[in-house]
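Undergrad: Below are the chains, spelled out letter by letter.
Protein chains: 2
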Amino acid sequence: MVYFWLKNPESEADQQALVEGLNSLREIEHIQALHVGVPADTAPRDVIDSSYQVSEMMMFKSIDDQNAYQNHPLHKKFIEEYSHLWKKVVVYDSVSALPPSG
Amino acid sequence: MVYFWLKNPESEADQQALVEGLNSLREIEHIQALHVGVPADTAPRDVIDSSYQVSEMMMFKSIDDQNAYQNHPLHKKFIEEYSHLWKKVVVYDSVSALPPSG
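For the protein sequence lines, the chains are Z and F, in the order given. Position 5 (the first sequence) corresponds to 5 in UniProt numbering; numbering is contiguous. Position 78 (the second sequence) corresponds to 78 in UniProt numbering; numbering is contiguous.
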């Protein structure tokens, strides 16, 4: 999971540009699933962080596939072309807590 | 997406207990998909936050379903029985950035 905070958090154009950039990553064969999101209009609670502007959920079959994604030319092109839009990125990499049979 | 930081971050027993507690939420009919995770052993990068102990990804069909989940007796029971394990929770609620036809 990746969360992006934009340099211009009020800019819908910048938010939409980043969404489009993230969707360009779909062509990378190592990505099993990709969801691009924006903050949901859920009831505010103290624990909710809705300060980001764009979220990205990617699933990989293996850590090797995730590593290959990091070095993929399309991922590098995405960073080159879109990283000027954000001021902060936070990544949470998780693996299933269940055993394969779970 | 929900991230949990345990009061005893070194305790594998507490981590496992929380994983089991989160898996008990599967019985709630409003949840479309649920993945319980722990930090992945990816190559460290400055942007990665691996300081949490347990992650939870839930998908709902609608914000109404998400609201119903918040008030579901099994969710309340989970909080009652397991909240003593964590010291911090961060929630990121997202909706798809794509139009329904996208």
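Mixed in with the good hints, there may be bad ones.
Because identical chains cannot be distinguished in the list, a pair is counted as satisfied if it fits within a single copy or across any two copies.
Claimed, not checked - Quick list of in silico lysine to any residue cross-link-like pairs, SDA-like style, CA-CA up to 25 Å: (1) K61 x L85; (2) K76 x P44; (3) K61 x D14; (4) K61 x V47; (5) K7 x A33; (6) K76 x N23; (7) K88 x W5; (8) K61 x L6; (9) K61 x K87; (10) K7 x D65; (11) K77 x S96; (12) K61 x V95; (13) K7 x H30; (14) K61 x E10; (15) K61 x P9; (16) K7 x H35; (17) K61 x V19.
If you're looking for bench data, these hints aren't it; they were derived computationally from the structure. Keep in mind that this is a model prediction, so the values were computed, not measured.
Undergrad: I'd like to know which numbered hints this structure contradicts. Please list them from smallest to largest.
TA: Violated hints (numbers, rising): 1, 3, 5, 8, 9, 10, 13, 14 and 15; every other hint is consistent with the structure.
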